[in-house]
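When you get a sec, could you build the whole thing from the sequences and use the hints?
Protein chains in written order, with the working numbering: chain A, 1 to 322; chain B, 1001 to 1349.
Since the hints were derived computationally from the structure, they do not count as laboratory data. Yeah, the Cβ is synthetic: ideal placement off N, Cα and C, and Gly gets one too. Do not rely on the hints blindly, as some may be mistaken.
[Claimed, not checked] Distance ranges between label pairs, derived from CB positions:
(1) S1211/B to E194/A: 49 to 57 Å
(2) K1269/B to C128/A: 42 to 50 Å
(3) D171/A to V1178/B: 47 to 55 Å
[As the list claims (entries may be wrong)] The calculated DSSO-like cross-link candidates involving lysine-lysine, where the alpha carbons are at most 27 Å apart (straight line), are:
(4) K157/A to K1269/B
(5) K156/A to K187/A
(6) K156/A to K1043/B
(7) K135/A to K1269/B
(8) K156/A to K1269/B
(9) K114/A to K1130/B
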Amino acid sequence: MKWLERSGIRAPKSPGSNETLRKSHPTALRLRQSTLCRTPRGLADRIVRAVMLLEVKNLNIEFHDHDRPERAVCGLNLRMEAGEIVGIVGESGSGKSMSALAIAGLLSRKDITKQGEILFEGKDILNCSRSELRKLQGDDIAMIFQEPETSLNPLKKVGWQVEEALRLHTDLTKEGRRARALEVLRKAELQDAEKVYDSYPHHLSGGMRQRVMIAAAMACRPKLLIADEPTTALDVTIQAQIVKLLKKIREEQHTAVLFISHDLSLIRQLCERVLVMQAGHLIEEGAVEEVFRSPGQEYTKKLIGAIPEIPAACETRGKFER
Amino acid sequence: MTELCSVIRCGVICEADYTGSRIEHADVCGTGMKGGDMKYIIKKLTTTAATVLIVSFLVFLAFSVIPGDPALSRLGTQATPEALSALREEMGLNRPLIVRYGDWLISFVRGDMGESYSYHMPVQSMILEKIPITLTLTVMSFLMMALISVPLGIYCAKHRDQFADRFIYTLNQVIMAVPPFFMGLLITWLFGLIFRLFTPGGYISYTKSVSGFLYYLIFPAVAIALPKCAMTAKLLRTSLLDEMKKDYVRTAYSRGNHTNGVLYRHVLKNALIPVVTFMGMALGDMLAGSIIVEQVFKIPGLGRILLTSISNRDYPVVQAVIVLIAAWVIAINCLVDIIYKIVDPRIEE
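Here it is as structure tokens:
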């Protein structure tokens, strides 16, 4: 085990950590216990990379737009396996969106400093060059945002925008791109994909626009999809549909999803593992059901308590959807 | 006519509303959109024509209300009352205003703009000779403005808050504050007297040499273009920086675009919308600006005719020039609206 740590791969150190890993990272545990760990360094290293899609180590984000620097994120540690679906929950200002933007490589303002490491498949994307980051953005890491109303360019046709990542990252011909764009639009459950392809964003409703955003994000079959409060601006019925869609996409394409929300009930529907953030700190982490059953922090309890419990109404809603 | 009707109807049908996640209407984006465009353009042209008509009536009204008798000014102060009333009758001045306007309008549209009181020659032949000069000057300064200000605005937005941007910003403020005629004086002094690039007060007619004509128009065109150019560059810079803050820019970056890709493929078109409006206004303004600057550079354009006719109370000439300028401004506005429709798909109707 020691060489593994020497090679920079951090294995949990505490005695009970096998137990923690079993819940949170079963694949990593299997790897740890497998004989492969005793094989030469490079191989194990590669395998760990393949399993660990994303590893955020001690991420600190600070704003400098006021006299005193403000800490948005303090020492965030996060690991995601390929195909895993993880939720980050917290109130506004807890640093969850900041973390998401940092992982997507979209925090480039001059008044923000970032420290730590964000390893994507073993490569530090926080401290690498912009051109290296651009190769990953839209190709391996895709992101959807909170405001479907404004996240699409109003002057460009939907098809053009869905195809953009393909244009930037693949050598597909015009016809090939169109075919792929129509395919992802259909996958995002948009009826009349051809019509949507040729329309402008203002022709579409909020829910449809978010589907278009998801389709555009999935165009290059990313390994990681970051969804920053994708349902906050939508009404409840559409919320449930979008969550279902994300779940379906993840199952079909084995895309890891980092789902950020302030709504624990959505995270419960969608995610396997949840991270709770408060004022820039990660305060709790664990399997969703576990956290729901026995929240370790007072803050988490309050968040859970904030979910409106109207079981009868929820069931009716479920029926409507079907 | 039936074609036109079907086009219009098509435009009505294509106003689709996407409310649910299913699209109800059959043709929204294919041929329907073009029908909508056609309808829009026809509507714009109609309102433009109506506006020109109203303006021409107001101009006509103004010239019949202001004191001064055309018959008197033609005959001079020594005219006998009999001769005056005879001439009034002959000129049709005793008829009601609206009839005179109708007559004037019909002959104006036919190309007969009346006869100049002071030169005793048809107004249209006087004006038509001068229009190419003033129009060339206006178009030239507009092209200069567009070709300089757009790259400058983009450059400043890209290098915002750096030295070059600050320098250009300050220079812009200064240039903006200088009126075109004074700019004309400065240019005459700098390029005419110091660098001796042209003879101040010189002019070559386009009938003699087109290249010489264009060369002599460059300097007045710069005088007209520079202040507008500074304004446009500043507006474009601000507009670009505003657009760069919008959410779709973040989306564009998240797909792996580099800054130039985001700027030219996404932001520029959005940022140009307010700039196009301003450029339209500037193009209208430049015609008026060129009338003044022509005086500074001694160019015998529309401006000179207008000014001499005003001081001679030569109303048919003044009236014709004013109507033409108004028509120009209104036509440019119509063009801007049509460009809007092409650039921004959100404009329905």
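Hint by hint, here is what the structure shows:
1. S1211/B to E194/A: 49 to 57 Å: holds (54 Å)
2. K1269/B to C128/A: 42 to 50 Å: Violated - the Cβ-Cβ distance for K1269/B and C128/A, about 31 Å, lies outside 42 to 50 Å.
3. D171/A to V1178/B: 47 to 55 Å: Taking Cβ atoms as reference, D171/A and V1178/B lie about 53 Å apart, which means the hint holds.
4. K157/A to K1269/B: holds (13 Å)
5. K156/A to K187/A: holds (21 Å)
6. K156/A to K1043/B: Answer holds: K156/A to K1043/B is near 25 Å, not above 27 Å.
7. K135/A to K1269/B: Measuring from Cα to Cα gives roughly 25 Å; hence the hint holds.
8. K156/A to K1269/B: holds (10 Å)
9. K114/A to K1130/B: Status violated; Cα separation ~66 Å.
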